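Student: So the chains spell out like this:
Number of protein chains: 4
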Amino acid sequence: MTGKTADIRSDIAYSTPDRIVVRGKDLPNEILGKMNLGDFAYLQLTSKTATPEQSRMFNALLITLVEHGITPSAIAARMTYAGAPESLQAAVAAGLCGLGTVFVGTTEGSAKMLYEAFDGAGDHPDLQALAAKTVADFRARKQAIPGLGHPVHKPIDPRTPRLFQLAEENGMAGKYVKLVQLIQAEAERATGKVLPINATGALGAICCEFGFPWKIVRGFGVMARAIGLVGHILEESQSPMSYQLWHEIEDRASAHLRG
Amino acid sequence: MTGKTADIRSDIAYSTPDRIVVRGKDLPNEILGKMNLGDFAYLQLTSKTATPEQSRMFNALLITLVEHGITPSAIAARMTYAGAPESLQAAVAAGLCGLGTVFVGTTEGSAKMLYEAFDGAGDHPDLQALAAKTVADFRARKQAIPGLGHPVHKPIDPRTPRLFQLAEENGMAGKYVKLVQLIQAEAERATGKVLPINATGALGAICCEFGFPWKIVRGFGVMARAIGLVGHILEESQSPMSYQLWHEIEDRASAHLRG
Amino acid sequence: MTGKTADIRSDIAYSTPDRIVVRGKDLPNEILGKMNLGDFAYLQLTSKTATPEQSRMFNALLITLVEHGITPSAIAARMTYAGAPESLQAAVAAGLCGLGTVFVGTTEGSAKMLYEAFDGAGDHPDLQALAAKTVADFRARKQAIPGLGHPVHKPIDPRTPRLFQLAEENGMAGKYVKLVQLIQAEAERATGKVLPINATGALGAICCEFGFPWKIVRGFGVMARAIGLVGHILEESQSPMSYQLWHEIEDRASAHLRG
Amino acid sequence: MTGKTADIRSDIAYSTPDRIVVRGKDLPNEILGKMNLGDFAYLQLTSKTATPEQSRMFNALLITLVEHGITPSAIAARMTYAGAPESLQAAVAAGLCGLGTVFVGTTEGSAKMLYEAFDGAGDHPDLQALAAKTVADFRARKQAIPGLGHPVHKPIDPRTPRLFQLAEENGMAGKYVKLVQLIQAEAERATGKVLPINATGALGAICCEFGFPWKIVRGFGVMARAIGLVGHILEESQSPMSYQLWHEIEDRASAHLRG
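Residue numbers (our numbering), protein chains in the order written: chain G, 1 to 259; chain Y, 1 to 259; chain W, 1 to 259; chain P, 1 to 259.
For the record, the hints were derived by calculation from the structure and aren't laboratory data. Please read all numbers here as calculations on a predicted model, not as lab measurements. Just to be clear, a hint being listed does not mean it is correct.
To be clear about the criterion: a stretch of chain G counts as covered by chain Y if any three or more of its residues have a C-beta under 8 Å from a C-beta of chain Y, and this derived list gives those stretches [stated by the list, open to error]:
(1) 20 to 27
(2) 97 to 107
(3) 111 to 119
(4) 135 to 144
(5) 154 to 160
(6) 180 to 191
(7) 212 to 218
Okay, derived cross-link-like pairs now, DSS-like style, lysine-lysine, Cα gap no bigger than 27 Å in a straight line [to be verified]:
(8) Y/K142 <-> W/K215
(9) W/K34 <-> Y/K142
(10) G/K34 <-> Y/K142
Glycine included, C-beta positions come from ideal geometry on N, C-alpha and C.
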């Protein structure tokens, strides 16, 4: 393996007996006590220190994704904790496993759609035309447009206007935010349905404004929800619901078999 | 199930079509743009708003646990991503699964030890006597004392003095911090070994100062490391090491079988 | 790394361009079509070919652990699949994460207890005395005796007499099976309660008869339940329950917050 | 919830105090000791008892996927076990999380491709034409054809001829097996490359012969690999490689940072 020692590398962090350095900064002395968790997440991912504007926007982006009540993800984590309370980390992991294309992961779909809309569109694209083409393409493929529509939050998702307001205040209401808004209008026009931009749609656009690769965008929901799930597990440890739910569900689901 | 509808409940959050409320606060209007991620984690877990002192300490506590280079956890996440790049959430989950009694989870052991030391010790315990008893008990059971010793960071773990300094500055250097320091001194005296208080030992004590139940303490490492792992997966997606490592490891491990 | 190439090794399997060899056997030609899955699992773990008796017993042991209706583990897997149907493997993983000290993992506790009972007991131990000591020790520590008692299956767990019958027929009803039976009798006598040997208690004893290290015994439940969970996910994909349950649970749990 | 009690159901299993019934069969008396693990998996998934031919083929199908040496999945499981040896189930779960579109999950892609090729092709399709169309479609989309090619096993994957031989012997070498063989020939002709049908390609075709929905096909690899991973964790517990690998990898990856 000698000949290959140069070719694996990580640029994130290193340790020596008396130092721990993350993204070029001394963790104890340049980071601890001087940065908040969202800013440190920004540093970890981008290798850059967030500006005050980026800090406000990125913290808000992550906070939006932490908690949304008793979700399937929270139920999975609580059920897992019931069987293995000694493995709290495995209960969080179980809850995270379901953050895919249906829940939370839709932020990824929204960011991907917006990046792709601008692909090859030149320096001064007609945003209205891009919106029309995007909606037409999704409709031709009979795919739902990611980031639009919500089963509960309608006619508007209350997080969206606030996120866009923050984007405006922090210099991040650029072409991606505008495009997702035009896509919404066009989609409502084309379908005749009420299709609010949901939180994952707004966040997808903001992720594009930051310049994050779409492949990592799902990761923001994952890291945020890990925090939320620890909250649910704490509550489950103090005031459990999993046992009762289990017995109720089992009884209902197999009643027809027991006759 | 009608008769039982009162008996499952969660006090964390709820949604209506036009509102999302977490711990009694309106998420869009009272939280987004007004709180950092660490403070929101504090709210999620304690249902209380962090004071400025708690905010500094809790953000530092979480940041300490985000990143520590190429750990077994990071390797597991990267290897998982190589096989299922479409399931980023599963790669993070895989990395979290190993945060148990050996790595990261030791914060839990430290907090538990400190809480138990004060059990039944009255209002004005002799801390030196508690330290001596704790060390003697662990030695009698031939167990390592959680939070002491580090394979790399010696004679001191550079995170520890900084964390204790922050505890001091923020009014959190109370009896638990003092006890873990006395336990270290006693353990070094009793064993003749250099046994620095490592980061998980310092953090365990600080978790006790906050009053967090020891059963949830591991969760801080889990939520923090989720952030770190997303950073590793982003890097793996741009500059992978998993394929090369896999082939090298497979070749080495089975060389004796292929003859 | 050159100097260390000798020191990592795996003895399980290796591949060359035209061969795949597992535990010394050519997979395509000596295994496929000539062995059943349980026997291959036995080979994978022990490096030995199961005798007909071992084959019957080991297949029965694993089958016992595959399926037990709508368990917390099955609910976790189904909830995870709802959010990430494209990541079936993550849904199985989520379901497995909860097979810990409360469910399934108790087989481990039973095997450990039985091995430890014989530690230092010499070649011709008095089984009745070992049973009495084991029960007394658990009662002194106020711990439940692993493998005894079941919330549903009483006064007997219907799997246990059948498993012991198979152990008898296949030459595996040795000292561990006898000891767990004596422990049950002693526990019922000492507590005055009905404490059937449950399936994990019977399986723990049978694992000891096989000589499996107790640390790996939980793994049998894990591999078996992976099969069961795929069955649940298949059913969930065809006839889902997770969405309805989610909405019901969320409504109930937060009704008091919405007022 | 009363009004909805009819609408969640599971047809897999149920329990009463003295019975456990899986797919209509009494587990202790009709299954244990009378069925092997592969046949029980078949029952769990299909609700049918395997014929002797189906039994041989299905056991071989699963066994093929159990073990393939030190894979990324095995490395992830071993690394996880190093950090949380008390949570064996979480180590298996971590290893399974990576069985996605790159490894193992390709069986799914192969089955999906074969089913779709026959969609709308009528009762007596021209297999050669379907093969040509399939290859042309994948090439037009610049996608690799699932189930063809292998980095190590070439010019043939040694599992494939044996699996097809078993399919022949057991009456399962029908139109899907023929089509995948024609697709391979066409792909080699069109690309000029050596593209062996790999094990996941052969297994995908055999899954279609069984009639399994393509969405569940990945599950066979997942349940099989769970067995293999328990074998790796057992070996890791007795002869660990994870610590040494970790330290080597960390040293190499961050050497350029430490300078």
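Student: If you test the structure against every hint from before, which numbers come out violated?
Tutor: Violated hints (numbers, rising): 3, 4, 6, 9 and 10; every other hint is consistent with the structure.
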